[in-house]
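Participant: Residue-level listing of the chains:
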Amino acid sequence: MLAVQVSGYTKPCVPNTGGISRVWVFDPADMDYTQGASPNNSYTAVALIGGATILGGSGFFAIGFDYLSGQYKAPQSVKGSSIKFAHELSLHLPSLDNDLTNFMLTMMNALACASLGFVIEQNNGHILVIGEQSVNGETIPLFRIQMDGTSVDSGKAFDDENGATVMFKGDYSRPAYEFTGGIDAIIALQGTPIF
Amino acid sequence: MEDYNKLFAINPEFQETVVGFNKSGKPLGTRKDLDKLALMAYHNKGLAKYFVNLPTKEQIAEYQAQEFNKKNPAAPAEPVTKVTPAAPAKEVTPTPSSVNTNTEEVK
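Just so you know, the sequences run in chain order A and B.
This note's numbering numbers the first residue of the first sequence as 793 and each following residue consecutively.
This note's numbering numbers the first residue of the second sequence as 205 and each following residue consecutively.
Bound conformation, chain A alone (with noise of 0.2 Å):
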C-alpha cells in the first residue's frame, strides 16, 4: 500500500467453459460505451454516436465463424516500465467464395486509415469489447485492431477445412474490458448487412 495499490482476486464459484460462442465487428467511431456505473469499472451501457444511424450503416455486425473455431488472447509483455498487451482474434469463415473475398475487402478498408472493433461474446457468457474509441462521450486512446496475418486455404480432401482463417491483431496498454448490458443490448444495434 505505501507503493502502490494492489487487490487480490475473487475466483467465482461457477462453472467456467473456453472459447468464443459469437462475434460481432462494428466500426469504433460509431459506438459510445459507458463506464463507471458498476463498481468493477466495466461497460454497461452502448448507443450509437450523433449521426450514426442503422439506416446509415452503423451498427454490429455479426461475423458467422465455424462453430469452436473461433479464439482470442491477448499476451502481456512489458519492457521497462511499458506495458503492452498483443490483443489477437482468430476465426474460421468457412467456404471460400466471394462472400468471403467482399468481407475481407470490407475489413482491409480498416487498414489504412481507420480500425476495427469487435464485441466477443464468449461460451461462459461474458462479453467483452476489443478495439473501442468512445467511452463516457469522449475519445480515448487510440486501440487500433486490424486484419493481420488471415490465411485463405482451400485444404485437399474433401474433409478438408475449407476458407479462410481470419486474423485480427492490435497492440493495446490493458486487456479488454466487460460489456455487461447483456447480449440483447448488442443484438438490438445490429446493422444492416450490405452483401
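List time: in silico DSSO-like cross-link candidates among lysine-lysine, alpha-carbon distance up to 30 Å:
no.: 1; chain 1: B; residue 1: Lys274; chain 2: B; residue 2: Lys240
no.: 2; chain 1: A; residue 1: Lys803; chain 2: B; residue 2: Lys240
no.: 3; chain 1: B; residue 1: Lys227; chain 2: A; residue 2: Lys961
no.: 4; chain 1: B; residue 1: Lys227; chain 2: B; residue 2: Lys274
no.: 5; chain 1: B; residue 1: Lys240; chain 2: B; residue 2: Lys275
no.: 6; chain 1: B; residue 1: Lys249; chain 2: B; residue 2: Lys230
no.: 7; chain 1: A; residue 1: Lys961; chain 2: A; residue 2: Lys803
no.: 8; chain 1: B; residue 1: Lys227; chain 2: A; residue 2: Lys865
no.: 9; chain 1: B; residue 1: Lys210; chain 2: B; residue 2: Lys240
no.: 10; chain 1: A; residue 1: Lys961; chain 2: A; residue 2: Lys865
no.: 11; chain 1: B; residue 1: Lys240; chain 2: B; residue 2: Lys230
no.: 12; chain 1: B; residue 1: Lys227; chain 2: A; residue 2: Lys803
None of these hints come from the bench; they were simulated from the model.
Position chain B against the provided structure of chain A, taking the given hints into account.
Facilitator: Only chain B this time, still in chain A's reference frame:
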C-alpha cells in the same frame, strides 16, 4: 412518489432510439428501467440528452427504494399487545445465607 413516466420522461425525438443496457435493446420510449440509464448519465453526460429533465441522484435513489419496497414488502406487523410494565426490581443486599459458601468442587 412522482410518476415514473414524468420522472424519467424521454425527449420525443429519442423515443425510438436504442441504447443497449440492462440486458435489453428496446427503444427508450418503451423501457421501464430508465432509472438505471439515468444513473449512468451521471458517468456519461451524453446519455443525459435523452431525458427531458435528468432526475437528481436523490430522486433516482428514492424511486429505486420505493420500487424495492414494492417488490419486497415488509412482513406483516405482529398484533400489538398491551404490555404491563414490570415493577421495578428491588435491590438485593447479599446476606450471609444468600452467599454461596459451598466450596466443594463441581464435577
